[in-house]
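Protein chains in written order, with our numbering: chain Z, 1 to 440; chain P, 1001 to 1361; chain H, 2001 to 2176.
Hints should not be assumed to be uniformly reliable.
Partial pick of chain H residues on the chain Z-facing surface, computed with a CB cut under 7 Å [what the hints assert, rightly or not]:
{"no.": "1", "residue": "V2034"}
{"no.": "2", "residue": "G2074"}
{"no.": "3", "residue": "F2099"}
Listed next, the in silico EDC-like pairs over lysine to aspartate or glutamate satisfying Cα-Cα at most 16 Å (straight line) [what the hints assert, rightly or not]:
{"no.": "4", "chain 1": "P", "residue 1": "K1330", "chain 2": "P", "residue 2": "D1057"}
{"no.": "5", "chain 1": "P", "residue 1": "K1155", "chain 2": "P", "residue 2": "E1220"}
{"no.": "6", "chain 1": "H", "residue 1": "K2014", "chain 2": "Z", "residue 2": "E278"}
{"no.": "7", "chain 1": "Z", "residue 1": "K277", "chain 2": "H", "residue 2": "E2122"}
{"no.": "8", "chain 1": "Z", "residue 1": "K203", "chain 2": "Z", "residue 2": "E135"}
{"no.": "9", "chain 1": "P", "residue 1": "K1023", "chain 2": "P", "residue 2": "D1244"}
{"no.": "10", "chain 1": "P", "residue 1": "K1245", "chain 2": "P", "residue 2": "D1057"}
{"no.": "11", "chain 1": "P", "residue 1": "K1330", "chain 2": "P", "residue 2": "E1132"}
{"no.": "12", "chain 1": "H", "residue 1": "K2121", "chain 2": "P", "residue 2": "E1132"}
{"no.": "13", "chain 1": "P", "residue 1": "K1254", "chain 2": "P", "residue 2": "E1109"}
{"no.": "14", "chain 1": "P", "residue 1": "K1223", "chain 2": "P", "residue 2": "D1244"}
{"no.": "15", "chain 1": "P", "residue 1": "K1317", "chain 2": "P", "residue 2": "E1132"}
{"no.": "16", "chain 1": "P", "residue 1": "K1317", "chain 2": "H", "residue 2": "E2122"}
{"no.": "17", "chain 1": "H", "residue 1": "K2121", "chain 2": "P", "residue 2": "E1324"}
{"no.": "18", "chain 1": "H", "residue 1": "K2017", "chain 2": "Z", "residue 2": "E278"}
{"no.": "19", "chain 1": "Z", "residue 1": "K221", "chain 2": "Z", "residue 2": "E211"}
{"no.": "20", "chain 1": "P", "residue 1": "K1123", "chain 2": "P", "residue 2": "E1324"}
{"no.": "21", "chain 1": "P", "residue 1": "K1330", "chain 2": "P", "residue 2": "E1346"}
By construction, these hints were calculated from the structure, which means they are not laboratory data. Please read all numbers here as calculations on a predicted model, not as lab measurements. Heads up, the beta-carbon is just placed ideally off N, CA and C, and yes, glycines get one too.
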Amino acid sequence: MSVELLTFVMLGVLIAVILLDFPIGLSLAGVATLFGFIFVGPQISSSFMLRLHYQYADYILIAIPLFIFMGVIVEKSGLAARLYDAMFVLFGGLRGGLAVATVLACTVFAAATGVVGATVVTMGMMSLPSMMKYEYDKVLVSGAICAGGALGILIPPSIMILVYAPVANVSVGALLIGAFIPGFILSMLYISYILIRCYINPKMGPAIEKEILDKYSVADKIKMLFTSVLPVCGLILAVLGSIFFGLAAPTEAAALGAFAACLLALAYKGLSWQSLKEAAIGTVTTTSMVFLVMTGAAFFTSVFMRLGCGAVVETMILGLPFGKWGILLVMWFIIFVMGAFIDWIGIVMIVVPLFSPIAVKLGFDPIWFAIMNIVVMQTSFITPPFAYSIFYLKGIAPPGMTLGHIYKGVVPFIILIWIAIVLFSVFPGIVMWAPSQFVG
Amino acid sequence: GGSKPAAPAAEGTGSDPNFPEVKWTMQTTWSQGWLIHDGMPVVFADRVRAMTGGKFDIEVLPAGAIVGGLEVLDACNAGTIDAYHSWTGYWLNKHPAAPLFASTPMGFEPDMSFAWLYAGGGKEFMARMFEEMQMNVVAYPLGITHPEILVHSNKPVGVMEDFKGLKYRAPGWWGEILRSTGVNVTLLPSPELYPSMEKGVIDAVEFNIPMVNKQMGFDEVSKYIAGPGMHQPTCVFEVGFNKDKYDALPQTYKDILWSASVEATVDSWTTGIVGDLEVLKEWQSNDKWTLQKFNAEDQHAIRKLSWDYIDGQVKEKNNALYTEAWTSYKTFFNEFCDFEWFMVPERPIVADKDRMFGAPK
Amino acid sequence: MKTIINAIDIMNEKVAKFFSYLSMLLVLQLVYEVICRYVFNKPNLWSFDATYFISSIVVVFGLAYTWKIGVHVGVDLFSGYMPRRVKAAVFLFFMVTLFFTTWGNIVLVMLKNTMYSWEIKETALMGSMPPVYPFKTWMMAGILLFFVQGISESLKSLHILITGNPIQLQKTGDEN
Ligand code: NA
Ligand code: NA
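Working from the sequences, and respecting the hints, build out all of it.
And the structure:
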């Protein structure tokens, strides 16, 4: 079998197995084993073992269970309920206000974590119950959480940037500084979209009835702000701040966040041995789910690269008869399509070494190109069928929310990202302003 | 990977049993774009292709492509990859003698290392180590670099006292040795180094030679740059092949692999020096950085600390190979120092070193 | 069949819940490290190792139980339209062709590698370079239990395939 054919067959089999409802992580790992055994040999299992050891010892990934622990505590202790009761009052008067609050919280959270899983899972667990309670449109809600959560990989701190920079041979600092503004602009686009959609069709995110809101006096609102909203913002800022002011590495900051959440819950008298126990087992099951998908993706990427499928992509691009911008668009489109099927680590490893020299030859600024790629790669978290954000959300979604809802929900947000990509291409200064200040 | 398209097969080698078609996959411990990746294993693979008329094709993949960067030896042992490029010092977790073949604090410089490994018994000790590690691989040196930068830091590091309380990323033996000087040895995964420097989680970092450090952006987040590379006066890298695959090769290919490894080693050594001359010039000529050379007397103190530490390790591990190799190493080092003192003419001082590098306090 | 399924499910639930308590220890250990570093300016070299030792136990022993309670996500777009028995048959087919081959082989490789690690007294590469064979041992144990959970899940589908109905199991405690 030629490598070209093999590339398509391998991807095809994977998609088929996933669509037949076999757990994602097991599908990825299983297809990797199948092709690995046939085309490499049984020794491929050794590399899977090494990947497992590596993943479970990865210091950065340990932030995942810690942020989940923090999220579960916040939820179990009734903090989430209080927060959303407060948000309900503060933003509820707006059509789509709770979804806006969710995206805003995701943005803040994204600035505190480098891990999308933690953002989606924690924000999902905090915001879903209340939005379900007020009968928000499930499609809109799931899209907002997935897209908002995916910002976690774009807005620094970002694992993707730390992995990307050395592979593309560009400055880490320039990328970290450069990714802030695009991330923030995306967040604003999401919020505007939600506000407009819900303004036109109030059923999607109903404004809370005036009588309900009127029950709260100004004094009540101020009290809520101080007892429900500010402590949680403080909690997030404690995490964010401890990273930004160099008090702690992201993993440690995650632990501080979890600990602070326990203290907060204690103050609210929402912390019992029972809730700690539930937080512990909730942390375990959610983290296991996330880790199994990552393990499977690692196995799959490993075999994909070992069989030389990466080179197939290279040959295809070099044969293209388009101009400068045409090839650029094709490269982004390839990243986008690959993102629908494999994880971003695989894309960085396969695509960045191939594309970066091509882009430089075409005369594009390497830093601009890197940031744009990161924006495009971020879509991999929300493009079906294979999308971490979607799987994480499904893992914690209430029974009434199906994968169908989520798949439909992400579409408008993918379009918004493409609008942003066009915007950043026409006005590259938006992306380049901050890094150029930095590089000086 | 970064491999060039294979050259067309030379005429008449089509069915030659000495030149069969062989395709191998090699993975390295490094990222693409680094000198250690593009300058050592890729040069090696290109030379092998050239010398076999394109018949022996080794695809070179970066860290993470198939397995993690530090898992290449295990993966090669298992046969998941055919070959790897890495740094022998990483195998300290499998054999205590590993750093002797890679780099040792206040130990061999490049020419000493070269001479010991190739002609002074070093590569024989190395082969014995791989046997004791029960690794089904054939490994030898591929790539060598000159001393590394001692620290990129945000505090001056010029004398022993400067180490007190310094939050310094220093892994392995060097970290252990520094502990007694009052350094707060900190360990962080390499992607965390840049942001940690920027935010002051750590004060100082050692990583690699100037070119690589510049690629990692450490000059962007540090004010002081200090030499000499006491922790790694040289750094020798390693290529390894799965033994079953290697044994199946015709003798011509085994010879070609060896020759290509020596050629790539010389290439990395010389390109590294020429490239770093430029980087150092840039750092010297810009007021953004203060370059500082560590006090000479204190260097002697650090040498004593280092060697005492290794002596202690050798005693503690009580491994025959380790003891023999270290004895051979020390003897060679001392003899080489005397030899150079006698043989090498005094070097002129061209630069105004006080102006360019900053005098020690 | 019922006895085997119950035995596996209950065992994996107990194991996961028992080791889940360590997640609290993980939080405390890291908070302690931050205090040591910033209040006393004395970082602990072992902290790095302790962190991934604890977290790996917490996560790896949860894989099986997470499956049992159905949290390992799949794509339920089309399976909703499949008859129960077809769905069970498809699942069993993938279990046999994909799951048992993948994880059975990994367990075998892990066994070999862990024994080697004990034999040469292998240490970790980072941090305080502690022995790494305990880590490899519990990783193997966790994956083995995950493999065993696969037997339980297969039997459940086999029951559906044969009888057309899910097996009636006794409740195994609070599943949140
Ligand atoms: Na982030
Ligand atoms: Na995707």
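Hints versus structure:
Look at V2034/H: its Cβ gets to within about 5 Å of chain Z, closer than 7 Å, so that hint holds up. Of the supplied interface hints, the one on G2074/H holds, with its beta-carbon coming within about 4 Å of a beta-carbon of chain Z, less than 7 Å. Of the supplied interface hints, the one on F2099/H holds, with its beta-carbon coming within about 6 Å of a beta-carbon of chain Z, less than 7 Å. Taken as a hint, the K1330/P and D1057/P pair is broken in the structure, with Cα atoms around 40 Å apart against an allowance of 16 Å.
Taking the CA atoms of K1155/P and E1220/P, the gap is near 15 Å; set against the 16 Å cutoff, the hint holds. Straight-line distance between C-alpha atoms of K2014/H and E278/Z comes to about 14 Å, which keeps the hinted pair within the 16 Å bound. Note on K277/Z and E2122/H: the hinted pairing is violated, with a Cα-Cα distance of about 35 Å set against a maximum of 16 Å. Pair hint K203/Z plus E135/Z holds up; C-alpha atoms about 8 Å apart against a cutoff of 16 Å.
Pair hint K1023/P plus D1244/P holds up; C-alpha atoms about 15 Å apart against a cutoff of 16 Å. For the proposed pair K1245/P and D1057/P, the alpha carbon gap of about 14 Å is at most 16 Å, so the pair holds. The hinted pair formed by K1330/P and E1132/P fails the criterion: a straight-line CA distance of about 22 Å is larger than 16 Å. The suggested pairing of K2121/H with E1132/P holds, with an alpha-carbon distance near 12 Å, which does not exceed 16 Å.
A threshold of 16 Å between alpha carbons decides the hint, and for K1254/P with E1109/P the separation of about 28 Å lies outside it, so the pair is violated. With a C-alpha separation of about 50 Å, the suggested pair K1223/P and D1244/P falls outside the 16 Å cut-off, and the hint is violated. Proximity of K1317/P to E1132/P is assessed by CA-CA distance (about 14 Å); at most 16 Å being required, the pair is judged to hold. Distance check on the hinted pair: K1317/P and E2122/H sit about 13 Å apart at the alpha-carbon level, within 16 Å; holds.
With a CA separation close to 21 Å, the supplied pair K2121/H and E1324/P exceeds the 16 Å bound. For the suggested pair K2017/H and E278/Z, the alpha carbons sit about 9 Å apart, so the restraint of at most 16 Å is met. Straight-line distance between C-alpha atoms of K221/Z and E211/Z comes to about 15 Å, which keeps the hinted pair within the 16 Å bound. With a C-alpha separation of about 13 Å, the suggested pair K1123/P and E1324/P falls inside the 16 Å cut-off, and the hint holds.
A hinted pair counts as satisfied when its Cα atoms are at most 16 Å apart, and K1330/P with E1346/P does not qualify at roughly 24 Å.
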